[in-house]
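Here's the letter readout for the chains.
2 protein chains.
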Amino acid sequence: MYITSMSNNIIREVLSLHNKKFRDEKDLFIVEGKKQTEEIEHDWQICYFVATKEFENKIQNNGKIYYVSDSVFKKISTTVTPQGIMAIVKKKNFDIDKITNKQNGLFVILDCLQDPGNLGTIIRSSAAFGVDGIFISKNSIDVFSDKVVRSTTGAIFKVPIITECNILEIVKILKNKNITVYSLDLKAKKYISQIKFNMSAAIIIGNEAKGIEKSIIEKSDEKIKIKMTKNIESLNASVACSIALYEISKQKNL
Amino acid sequence: MYITSMSNNIIREVLSLHNKKFRDEKDLFIVEGKKQTEEIEHDWQICYFVATKEFENKIQNNGKIYYVSDSVFKKISTTVTPQGIMAIVKKKNFDIDKITNKQNGLFVILDCLQDPGNLGTIIRSSAAFGVDGIFISKNSIDVFSDKVVRSTTGAIFKVPIITECNILEIVKILKNKNITVYSLDLKAKKYISQIKFNMSAAIIIGNEAKGIEKSIIEKSDEKIKIKMTKNIESLNASVACSIALYEISKQKNL
Numbered sequence: 048m049y050i051t052s053m054s055n056n057i058i059r060e061v062l063s064l065h066n067k068k069f070r071d072e073k074d075l076f077i078v079e080g081k082k083q084t085e086e087i088e089h090d091w092q093i094c095y096f097v098a099t100k101e102f103e104n105k106i107q108n109n110g111k112i113y114y115v116s117d118s119v120f121k122k123i124s125t126t127v128t129p130q131g132i133m134a135i136v137k138k139k140n141f142d143i144d145k146i147t148n149k150q151n152g153l154f155v156i157l158d159c160l161q162d163p164g165n166l167g168t169i170i171r172s173s174a175a176f177g178v179d180g181i182f183i184s185k186n187s188i189d190v191f192s193d194k195v196v197r198s199t200t201g202a203i204f205k206v207p208i209i210t211e212c213n214i215l216e217i218v219k220i221l222k223n224k225n226i227t228v229y230s231l232d233l234k235a236k237k238y239i240s241q242i243k244f245n246m247s248a249a250i251i252i253g254n255e256a257k258g259i260e261k262s263i264i265e266k267s268d269e270k271i272k273i274k275m276t277k278n279i280e281s282l283n284a285s286v287a288c289s290i291a292l293y294e295i296s297k298q299k300n301l
Numbered sequence: 048m049y050i051t052s053m054s055n056n057i058i059r060e061v062l063s064l065h066n067k068k069f070r071d072e073k074d075l076f077i078v079e080g081k082k083q084t085e086e087i088e089h090d091w092q093i094c095y096f097v098a099t100k101e102f103e104n105k106i107q108n109n110g111k112i113y114y115v116s117d118s119v120f121k122k123i124s125t126t127v128t129p130q131g132i133m134a135i136v137k138k139k140n141f142d143i144d145k146i147t148n149k150q151n152g153l154f155v156i157l158d159c160l161q162d163p164g165n166l167g168t169i170i171r172s173s174a175a176f177g178v179d180g181i182f183i184s185k186n187s188i189d190v191f192s193d194k195v196v197r198s199t200t201g202a203i204f205k206v207p208i209i210t211e212c213n214i215l216e217i218v219k220i221l222k223n224k225n226i227t228v229y230s231l232d233l234k235a236k237k238y239i240s241q242i243k244f245n246m247s248a249a250i251i252i253g254n255e256a257k258g259i260e261k262s263i264i265e266k267s268d269e270k271i272k273i274k275m276t277k278n279i280e281s282l283n284a285s286v287a288c289s290i291a292l293y294e295i296s297k298q299k300n301l
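From first to last, the protein sequence lines are chains C and W.
Heads up: take any position in the first sequence, counting from 1, add 47, and you land on my numbering.
Heads up: take any position in the second sequence, counting from 1, add 47, and you land on my numbering.
Okay, chain C solo, but in the shape it has when bound:
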């Protein structure tokens, strides 16, 4: 099938997936680019590919592939220089209970994170430091938006991510399972390097401008911060989270 019209049903579905409302409704999202589509792990379901003729006989897939004209692809792409390939992928549901049952687990909780690059980078660092689950609050940016998916560079397929979370609820669940919950907070008195992380741990990262919501900090077990040479500065949210994960994973693997 070769599509040249923007009114084709498949093209209309792809266009709708640029919108969170339809991603939620259909439980699908877009993965665009050659390298990115190759990084989709086998336990994720690719519903179909949309590609230009250039990719004919070059896509390994048992499912459907729709070929489209260059001009159609350009219109459904969100990149400046489209490579001519995208996959429409089914979202995955993760079982909170199963994820949090892990022995010596490491978890990340994101409260109202707003920048797509920061969210993507946190997912990437989480994959690198062996995080067992990421919980994202309702009011955060959508993890399935094109910018976030792109900046995870494939890591979105490697860490269980639970979205639309009520963070107070999540903190309660984790604490009930003896997972220590730390708030990364500039106003903390203890440095992260002073903590002995010898069991299951979760760290909460807050909004880029406002930090973690007060009611959530109060429910966490401890406030921690990163030692800086000049304490007047603050770090980028994804950097702060990554340093915390580095420090914890280092201690765990001593």
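Just so you know, these hints were derived from the structure itself, not from any lab.
One or more of the hints may lead you astray.
Pairs involving identical chains hold if they fit within one copy or between any two copies, as the list cannot separate such chains.
[Said to hold, decoys possible] Taking lysine-lysine pairs in the DSS-like style, the calculated list, with each CA pair at most 30 Å apart, reads: (1) Lys243 x Lys299; (2) Lys100 x Lys185; (3) Lys257 x Lys82; (4) Lys205 x Lys139; (5) Lys224 x Lys122; (6) Lys194 x Lys67; (7) Lys297 x Lys274; (8) Lys82 x Lys237; (9) Lys145 x Lys73; (10) Lys137 x Lys266; (11) Lys105 x Lys257; (12) Lys82 x Lys272; (13) Lys205 x Lys82; (14) Lys81 x Lys261; (15) Lys122 x Lys274; (16) Lys297 x Lys100; (17) Lys81 x Lys274; (18) Lys236 x Lys105; (19) Lys82 x Lys270; (20) Lys138 x Lys194; (21) Lys243 x Lys122; (22) Lys299 x Lys122; (23) Lys272 x Lys81.
Starting from the known structure of chain C, fit chain W onto it as the hints suggest.
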């Protein structure tokens, strides 16, 4: 003076500064936004402000302030929701010799960094971890572009930055001053946590996709990498740099 025309000379100068060529020629750059302009340190020279009437009598400055109409400001702004204020700031020249003479100095060398957010974040982390100087290669993204300036959140005024560097030349200068130069490289055998950083150190960060150029790695003293739980992953360049700076600054302050 109240400007309503886009053909006004000041407005034309501001517009030209969105372009690296003219920023280089005039040695000026733009700092836009209320918080950002407030973060300009006193040892930087603000040539003039451009603002909407809203800011009348609200700007503390001995120099010139040009007031412009909302519609003119919108056209010279690079933000989605302009706040109505920008400063035109003179670039600063730093003396490499003076900077590198510092006892127990910590330096960052950037080879062909391309993403504005990454560069901004590295400058921000450098300020937080007490870096004494950042050297940026000729083929890197311009540090004075609006996106980079914005993502430093004021840190651009707190760390000496030397641009348009020949990195091989810089490595030579640093080594001559007994500063140990480390390449942050995924193929390294030594972990950064195994290194004893007890004297002056510099770390090189490479391009987001290709890493550090081979000839530069060869001239550095040692290759180091960050320990990850899953070694197949790589980290975002600004995250990798920040973790390295965190680790070094932690060791230095023990």
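Going down the list of hints, with the structure as the test:
1. Lys243 x Lys299: This pair counts as both: shortest intra-copy Cα distance 9 Å, inter-copy 21 Å.
2. Lys100 x Lys185: Intra 39 Å, inter 38 Å, cutoff 30 Å: neither.
3. Lys257 x Lys82: Only across copies: lysine 257 and lysine 82 sit 15 Å apart there, 35 Å inside one copy, limit 30 Å.
4. Lys205 x Lys139: within (12 Å within a copy, 44 Å between copies)
5. Lys224 x Lys122: Classified as neither: same-chain Cα gap 48 Å, cross-chain 55 Å, threshold 30 Å.
6. Lys194 x Lys67: Classified as both; 12 Å inside a copy, 26 Å across copies.
7. Lys297 x Lys274: both (16 Å within a copy, 8 Å between copies)
8. Lys82 x Lys237: between (42 Å within a copy, 29 Å between copies)
9. Lys145 x Lys73: Only inside one copy: lysine 145 and lysine 73 sit 25 Å apart there, 60 Å across copies, limit 30 Å.
10. Lys137 x Lys266: Answer is neither; intra-copy 34 Å and inter-copy 48 Å both fail.
11. Lys105 x Lys257: Intra 47 Å, inter 25 Å, cutoff 30 Å: inter-copy only.
12. Lys82 x Lys272: Intra 36 Å, inter 24 Å, cutoff 30 Å: inter-copy only.
13. Lys205 x Lys82: within (15 Å within a copy, 38 Å between copies)
14. Lys81 x Lys261: between (43 Å within a copy, 26 Å between copies)
15. Lys122 x Lys274: neither (47 Å within a copy, 42 Å between copies)
16. Lys297 x Lys100: Neither. Shortest intra-copy (47 Å) and inter-copy (54 Å) distances fail the 30 Å Cα cut-off.
17. Lys81 x Lys274: between (40 Å within a copy, 28 Å between copies)
18. Lys236 x Lys105: neither (56 Å within a copy, 36 Å between copies)
19. Lys82 x Lys270: Between. Shortest inter-copy distance 27 Å satisfies the 30 Å Cα cut-off; intra-copy 39 Å does not.
20. Lys138 x Lys194: So lysine 138 and lysine 194 pass the 30 Å test inside one copy only (16 Å; across, 32 Å).
21. Lys243 x Lys122: Answer is neither; intra-copy 52 Å and inter-copy 53 Å both fail.
22. Lys299 x Lys122: neither (47 Å within a copy, 53 Å between copies)
23. Lys272 x Lys81: between (39 Å within a copy, 28 Å between copies)
The structure does not agree with the numbered hints 2, 5, 10, 15, 16, 18, 21 and 22 stated previously, though it agrees with the rest.
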